[in-house]
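Undergrad: Listed below are the residues making up each chain.
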Amino acid sequence: MSGIFSRISMIFRAKTDQALDKMEDPRQTLDYSYQRQLELLQKVRRGVADVATSRKRVELQATQLSTQADKLTQQAQKALEVGREDLAREALTRRSGVQQQMSDLQAQHAQLQGEEEKLTRASQRLQAKVDAFRTKKETIKASYSAAEAQTRINEAFSGISEEMGDVGLAIQRAEDKTQQMQARAGAIDELLASGALDDPTGTAKDDITLELEQLASTSDVEDELARMRASLPSGSGGAQPAITGQPAGQAQPVPPVQGYAAPQTQPEAQPGAGDLR
Amino acid sequence: MIVRILGEGQWRIEQDVVADLNRLDDQVEDAVQTGDEAELATALHALLEEVRTQGQPVPDDELSDSDLILPAADSTLVDVRELLSSSDQGLIPG
Numbered sequence: 411m412s413g414i415f416s417r418i419s420m421i422f423r424a425k426t427d428q429a430l431d432k433m434e435d436p437r438q439t440l441d442y443s444y445q446r447q448l449e450l451l452q453k454v455r456r457g458v459a460d461v462a463t464s465r466k467r468v469e470l471q472a473t474q475l476s477t478q479a480d481k482l483t484q485q486a487q488k489a490l491e492v493g494r495e496d497l498a499r500e501a502l503t504r505r506s507g508v509q510q511q512m513s514d515l516q517a518q519h520a521q522l523q524g525e526e527e528k529l530t531r532a533s534q535r536l537q538a539k540v541d542a543f544r545t546k547k548e549t550i551k552a553s554y555s556a557a558e559a560q561t562r563i564n565e566a567f568s569g570i571s572e573e574m575g576d577v578g579l580a581i582q583r584a585e586d587k588t589q590q591m592q593a594r595a596g597a598i599d600e601l602l603a604s605g606a607l608d609d610p611t612g613t614a615k616d617d618i619t620l621e622l623e624q625l626a627s628t629s630d631v632e633d634e635l636a637r638m639r640a641s642l643p644s645g646s647g648g649a650q651p652a653i654t655g656q657p658a659g660q661a662q663p664v665p666p667v668q669g670y671a672a673p674q675t676q677p678e679a680q681p682g683a684g685d686l687r
Numbered sequence: 033m034i035v036r037i038l039g040e041g042q043w044r045i046e047q048d049v050v051a052d053l054n055r056l057d058d059q060v061e062d063a064v065q066t067g068d069e070a071e072l073a074t075a076l077h078a079l080l081e082e083v084r085t086q087g088q089p090v091p092d093d094e095l096s097d098s099d100l101i102l103p104a105a106d107s108t109l110v111d112v113r114e115l116l117s118s119s120d121q122g123l124i125p126g
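Chains as they are written, first to last, in the numbering used here: chain G, 411 to 687; chain R, 33 to 126.
Only chain R is shown next, with the shape it has when bound in the complex (with noise of 0.2 Å):
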């Protein structure tokens, strides 16, 4: 699967992999829901870098559609919360 991180571009991750980032995920999505700004930055920064890490970059030249979007690494709180309510409304954020 193909997943982005915004502001940094797109990387193909190996289906295995998949599970780690889900745990990761959940982490993220809690530390969204607890309202908690350092949990959010510390699991945020541990989900991006397993994808940096494990995933191969898609070259620029290369048109996919990505699976998944991640956050930039230094999204606060504001910046999720509002992705999250803009898709709501079916809006591009930006």
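Chain G on its own, in the form it takes in the complex (with noise of 0.2 Å):
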């Protein structure tokens, strides 16, 4: 070949001489090897792990982006209903600028999904190696003669220090992909926190339904003044004596506190917030 990418397999058996090379009996070097395949398949899988926790979390975060197109929509037409085509408007815009976060993050979303997918695949290549490593382990042991049990040895482990080698790049760039992701969860996160973008859990109100409330509140205040005033004339009399009485019962609990002429306190202070009227 012209030879550019067969510098690439050097990488692997430069690898390969290096862990062999520490083991003086090939039955060593066997198990040796193996153990250290048990480990990297751990490490894989601890790698597919993360990748769909964080691919879970994007997906959370594409739900409450959803829900928030979806208040801001309705936003929009409370506000149409109370005539204030200019908050609509802004609802509007907020909503297309949560719409475009939201099919930027589903791109990625299915980018790091199609990761997944080839890590999970490549896990179980690996894994499958492994085990067709035990079996050739056995066997190279069983019929032990030093030499061709290294050559053996080195066959069959650099077949699978490649493999290690590619589960491994595999994983380094679905970590890569992750990272944008959590760079771009972090980064909505922070917006609604700075409220640019509202809360979806509706703990805190954005401006625009702050205004919308402020409206209704406003029309409602409105109407029951409306209703006060029609009510007022034959009012003001009445209701004096409802205030007044107030202090009345107040007065009530405080003679017991004296203790021993209690029953007769009792009476006199009746009488007495009666004075007050």
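Honestly, the hints are just simulated from the structure, not real lab data.
You can take every hint at face value.
Here are some chain G residues the structure puts well away from chain R; computed CB gaps all over 10 Å:
#1 D435
#2 E449
#3 V458
#4 E500
#5 S555
#6 A559
#7 S627
#8 S629
#9 D630
A short, non-exhaustive set of chain G residues, derived as facing chain R with CB atoms under 7 Å:
#10 K528
#11 A538
#12 A542
#13 S568
#14 G569
#15 D576
#16 L579
#17 A580
All C-beta atoms, glycine included, are put in the ideal place defined by N, C-alpha and C.
Two chains, each in its own frame: build the complex with the hints.
TA: Here it is, written out as structure tokens:
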């Protein structure tokens, strides 16, 4: 071949030789490398789990954003109902921003899912290789002849070492993609926190909601005032006694604190309260 | 000969197909040297497709060295250069 890619295969062989030179007895080498393979397989599985976790987090965020978009649509409708076109326009503008975020997120989510699938396949492949190595290891051990064993281990191990490097690359790529997604997710979290995107959980109210509520409460207040005005002319005299009656009620619990004269003071206190009137 | 596509696995290729692969590999090498990302994508895709269609997949439980290792289908110029430079250092990538 033209050589450009065959240089890459050197990477794996160099690694293999390094790993194998540490041991003198080929049978020891076999057990050692099998151990290493199991460790790596463990690492690969953790990698798959990490990517899956990130993917789920992104899914959660996409759901939040879609709730957000729905909410903004409702707000726009509500704003139109009370005749505030400017508010409705603002809400729709924000919604298109949120939708943009959503579609970006979805594209990256698909990419991440692809990586996850690849990684899962790679991990299954590695598992098969490791299993094959275990079988071969026992065969080699049984028919042990130092020179022959060493050669066969070298072959077997560089086969599996390649696979490890391969899976290692797949993990790294998936991690890179995950980090991209996490950076984006973090940015969205910050936007939510700063209020640029409002919190879809509804714990904090954004300005559109506030203004709509203000409009609603203003009209409620006007209605109430109108009703009150209507009933005003006859009601002014009757309200007073009800208000002054309150101090009399509060005075009642006080006398028992004096203790010894409780039964006596209580009847006295009530006429006293009556005097206030 | 056995060819590995990174991230996908190994394929066994007959000797008479290798000449074709060589031609495609040259295109990939040119693209890397001229730094043409689009050209690299096209050439790499053609090369990998050739391997996939002409080769026999090596079973997962067979342990064998690859004679040749090709970058993953969606590798960028940076990725390929990195693979090549790390091979100079004799380190396992990833």
